[in-house]
Amino acid sequence: MKSIIKWTLRQRRTSTLWWCFAVASFIFINMIFYPSFKDQAAQLQQSFSNIPDSVLQLIGGSTDFFSPVGYLNGQIFFIMLPLLLGILSISLGSKLIATEEQDKTIESILARPISRSKLLLGKALAGITILGLATVAALVSTTLLAKVVGLDVSTIAIFQATLACFLLCLSFGAVAFALTSSGLSQSSSLGLTTIFAFGGYIIGSLSGTIKWLNTPSKLFSFTYYDSEEILRGTYNWNNIFFFITVVLISCFVAWYFFRSRDLK
Amino acid sequence: MQETPRITLNKLSKKYTGSPVYALKNVSLNIQPGEVYGFLGPNGAGKSTAIRILLNFLQPTEGGATVCNLDVVDDSIEVKRNIGYLSGDLSLYLKMTGEQYLKYMGELQPATSKAYIDELIKRFKAEPKKKLGQLSRGNRQKFGIIQAFMHQPKVLILDEPTSGLDPLMQDEFYKLIQEAKNKGSSVFISSHIMSEVQRICDRVGIIRDGKLISELSIAEMEGKASHTFDITFKDKVPKKELSFLKGCKILSISQNDVSLVMQGRLSSLFAILANNEVIKINLGSADLDNEFLQFYKNKDK
Numbered sequence: 001m002k003s004i005i006k007w008t009l010r011q012r013r014t015s016t017l018w019w020c021f022a023v024a025s026f027i028f029i030n031m032i033f034y035p036s037f038k039d040q041a042a043q044l045q046q047s048f049s050n051i052p053d054s055v056l057q058l059i060g061g062s063t064d065f066f067s068p069v070g071y072l073n074g075q076i077f078f079i080m081l082p083l084l085l086g087i088l089s090i091s092l093g094s095k096l097i098a099t100e101e102q103d104k105t106i107e108s109i110l111a112r113p114i115s116r117s118k119l120l121l122g123k124a125l126a127g128i129t130i131l132g133l134a135t136v137a138a139l140v141s142t143t144l145l146a147k148v149v150g151l152d153v154s155t156i157a158i159f160q161a162t163l164a165c166f167l168l169c170l171s172f173g174a175v176a177f178a179l180t181s182s183g184l185s186q187s188s189s190l191g192l193t194t195i196f197a198f199g200g201y202i203i204g205s206l207s208g209t210i211k212w213l214n215t216p217s218k219l220f221s222f223t224y225y226d227s228e229e230i231l232r233g234t235y236n237w238n239n240i241f242f243f244i245t246v247v248l249i250s251c252f253v254a255w256y257f258f259r260s261r262d263l264k
Numbered sequence: 001m002q003e004t005p006r007i008t009l010n011k012l013s014k015k016y017t018g019s020p021v022y023a024l025k026n027v028s029l030n031i032q033p034g035e036v037y038g039f040l041g042p043n044g045a046g047k048s049t050a051i052r053i054l055l056n057f058l059q060p061t062e063g064g065a066t067v068c069n070l071d072v073v074d075d076s077i078e079v080k081r082n083i084g085y086l087s088g089d090l091s092l093y094l095k096m097t098g099e100q101y102l103k104y105m106g107e108l109q110p111a112t113s114k115a116y117i118d119e120l121i122k123r124f125k126a127e128p129k130k131k132l133g134q135l136s137r138g139n140r141q142k143f144g145i146i147q148a149f150m151h152q153p154k155v156l157i158l159d160e161p162t163s164g165l166d167p168l169m170q171d172e173f174y175k176l177i178q179e180a181k182n183k184g185s186s187v188f189i190s191s192h193i194m195s196e197v198q199r200i201c202d203r204v205g206i207i208r209d210g211k212l213i214s215e216l217s218i219a220e221m222e223g224k225a226s227h228t229f230d231i232t233f234k235d236k237v238p239k240k241e242l243s244f245l246k247g248c249k250i251l252s253i254s255q256n257d258v259s260l261v262m263q264g265r266l267s268s269l270f271a272i273l274a275n276n277e278v279i280k281i282n283l284g285s286a287d288l289d290n291e292f293l294q295f296y297k298n299k300d301k
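Residue numbers (the working numbering), protein chains in the order written: chain P, 1 to 264; chain A, 1 to 301.
It should be emphasised that the hints constitute simulated quantities derived from the structure, not laboratory data.
Since this is a predicted model, take the numbers as computed values, not measurements.
Fair warning: there could be bad hints in the mix.
To be verified - Interface residues of chain P toward chain A, partial, derived using beta-carbon atoms under 7 Å:
id	residue
1	Ser3
2	Trp7
3	Asp103
4	Lys104
5	Thr105
6	Glu107
7	Ala111
8	Arg112
9	Ile114
10	Ser115
11	Gly132
12	Asp262
13	Leu263
Note that beta-carbon positions come from the ideal geometry of N, C-alpha and C, so glycine has one too.
One chain only, chain A, in its complex shape (with noise of 0.2 Å):
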């Protein structure tokens, strides 16, 4: 039996006051217990209208949202005791220390424990005694984190959250982030770097417009996204059968090596190579970006 779903848009849609056209129109998804779900899409297509609805920060024009089955507008102090919030133009009071704003943000909402505060400090390498005004993008991004994380939420919400984090911070993120799925937490988050996506999401959506245009498992979008090989054959390459490979584009060839790209099924490839006798073989990973820019820039599709 299916659990009920943490996070669901119901025909959502916003018009802001003055203006023609909506934000967001008629946006329907649901968000399954432990699932980390990716919302993607140009600058301006709705997905931080979309979590302003959520948080209750924007009235929704028509159609309507829940977190954890409470009405984002009615059950909004209920849905927030849910929900862990980073915002994508993170703004942090910059005349306290970090200590302060996640003293003042535990006296709203207590922490799950100061221990684990502590913790998240520690892991992300987090300077508690400097004025956040002091402190780079990345460092005060890291705090923004913390008070998201830091009471252990059935919900979060994060807007961009890794920018400004270095690499090896991004991979502390990640790792909390699968953590808090294991636990079973709910994960909606706006992102532009779909190396991040591929890597902790299971689905995603792609809002264009205000329109949801499509929803797909990372397993799905990998299917169709192309795959890098590098072959070494023990005899010659087969380039006459390569070259009538439906989806294959060969980007260097030699007498026995080969470098294509392949995409979509991948049993024709797999046929051709078990005719053949094959030394080595490097597979890249799926290319998601190619994938994501075409949802990006078709509109048709």
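Just chain P, same shape as in the assembly (with noise of 0.2 Å):
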């Protein structure tokens, strides 16, 4: 199995920079820009007070975008870490069985005395470690770039949120590579688990406004991840264990169907 990561991270080691370096950028370029912000954060604040509710729960249900917490929500916690490292993780969990069976690669390890239990588990094993690299990268950039612009918010904090962050994504990549491994399509694994992750997104959004909403809303990951109350310390942590049955159903479920199924 050792192998099995071993291998697979050698030959994703080059987007796996790449990645690394992209999340680093992004959060470069959002928050570079802070102390502009803080110079007019009264004035800002006060236009974006009388926002609509309905339009306020899709952009994280507060006005607060200007104080540090706020700042840092809004602009890397909030939908732009987890979109990056979703689509990374959503992006692994659907080719990481899948591409090599596409293109019959597995056949060359299933040849050898391998089970595919520990072919599974070191394919996960392999795109966690490239999830949590991505998430180092989001966490070591925006530790050092919040000291370097002067946002104060706790490193704790910090680190809290992008742990949070890396357990949501790491459920939505979960799902996909439970629904490739169960011998779904690549493409249909792509795009239901976007719909599990982003419709998740939107359902969670509006569940403030729309009350009907609350219940389903209830089904998916994003309503579990508040990076606010997380920054804040008011976040209940309880709300983790979501991500980590989300996580474990799907590696059961992988296991349960790619054990014994045909391969293509």
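Since each chain sits alone in its own frame, please combine them into the complex, following the hints.
The structure is reproduced here in structure tokens:
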């Protein structure tokens, strides 16, 4: 299994480096302008105070965009980082098994004395490592840039928000991984997981205004992710069990179907 | 006493999900240690399905199969310790070099020795430092062959192994098969190249529409096949006697020379030759192509 992890990481090392660079760059671009906003915070805050509630829900339910926590939440943790890491995670989840199955390279591996469970676990751990590396790039760049631009948010809060974002995105990737491992095509898995991930964001955001969306919104990971509360230290950490549950169920589904299904 | 077969297919059937027909239906066969078994049939006949069941890539619908007396589903890991496999539509990691690819495969299943890999690389004139994506189909195929043989398995399952190889490398491959056979390995080979089958196989099974329609040894096949003779007589060609010969077709004839094709038993031809003084006789090899084609084409045979 170590070999599968090692060679999967080796094959993806260039793209992983580019992802880390892209994440750090986006964070840099978003944070470097904080000093300009900081000086005009009161004025800008005033102009945002009359936003309608429905629009407010879509952008996180808060009008605090220019305090250190508000800025960090709005620019990085509310949507930008979940979006970037989510794309990476869904792409990895839907590719790690499916691409090798599609181009038949998986047969080279499974013709050796390697169980399908070990192959699956090796690929999953490689995927988690890649997502983890991009997350570390995000954590390091956010922490450093916060110091550089004078954003007064504790490193622990940044770490906690990044960790929650990682778990959120891991749950997306796990769903994609379970779908392709179960035999669904790469494109179907991509589509369905995107609906689960970002459809969940829209449903979760609208549920504040449209009450009947409250119940269905509970089925989506995004509902349990509140970066502003994490940064302010008021987040209910029991919520992360939803992400962990999604990951565990997805792993079980992937293992259950992949261990005995026909390869394509 | 007969040894336990290395590969056994026991009423093996496979029906793909959503398909109304069986891709493989009640196929039973045994392959002995040291035997090279050719698995022949037209495209879509079920050859690859049978091979992929042996590798546990597909689950059988009915029946079962064993390799080295181990069930291919229940003991698949142990089965694969004994197998060297080369897939028909060989896919490799194109960004890896040949060396990296062999290293990866070797980590998953150690090769007999580094020296043996080096020997195979040398024999096939493979280019291990180049990326697999930069190599031609034939040069990639060499790495497919090397990874299948490098741990000297007891069972080799090879799906169209020589596709893309030049004649020199094909020859090297046939030698490798012979060496494996001499060491007691069993070889299950799918091929469309009749001369290859004739040269390396001991026995063939012919599959069509998912059913094993015939199994016979190469010797039996050659017995049935037609042979070409070029004969020079000292006197005139005994044309009348030859024309009455069952299974004989005269291709060309002159005063003293005749070219003819003889199918089936040759004893009647030799009886004529014994009664006439023969100066020279050339015997062409048995033409199995025609025999195979009959199996491929003729649904009632």
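The hints, checked one at a time:
no.	hint	result
1	Ser3	holds, 4 Å
2	Trp7	holds, 5 Å
3	Asp103	holds, 5 Å
4	Lys104	holds, 4 Å
5	Thr105	holds, 5 Å
6	Glu107	holds, 5 Å
7	Ala111	holds, 4 Å
8	Arg112	holds, 4 Å
9	Ile114	holds, 6 Å
10	Ser115	holds, 6 Å
11	Gly132	violated, 23 Å
12	Asp262	holds, 5 Å
13	Leu263	holds, 4 Å
Checked against the numbered hints given earlier, this structure breaks only hint 11.
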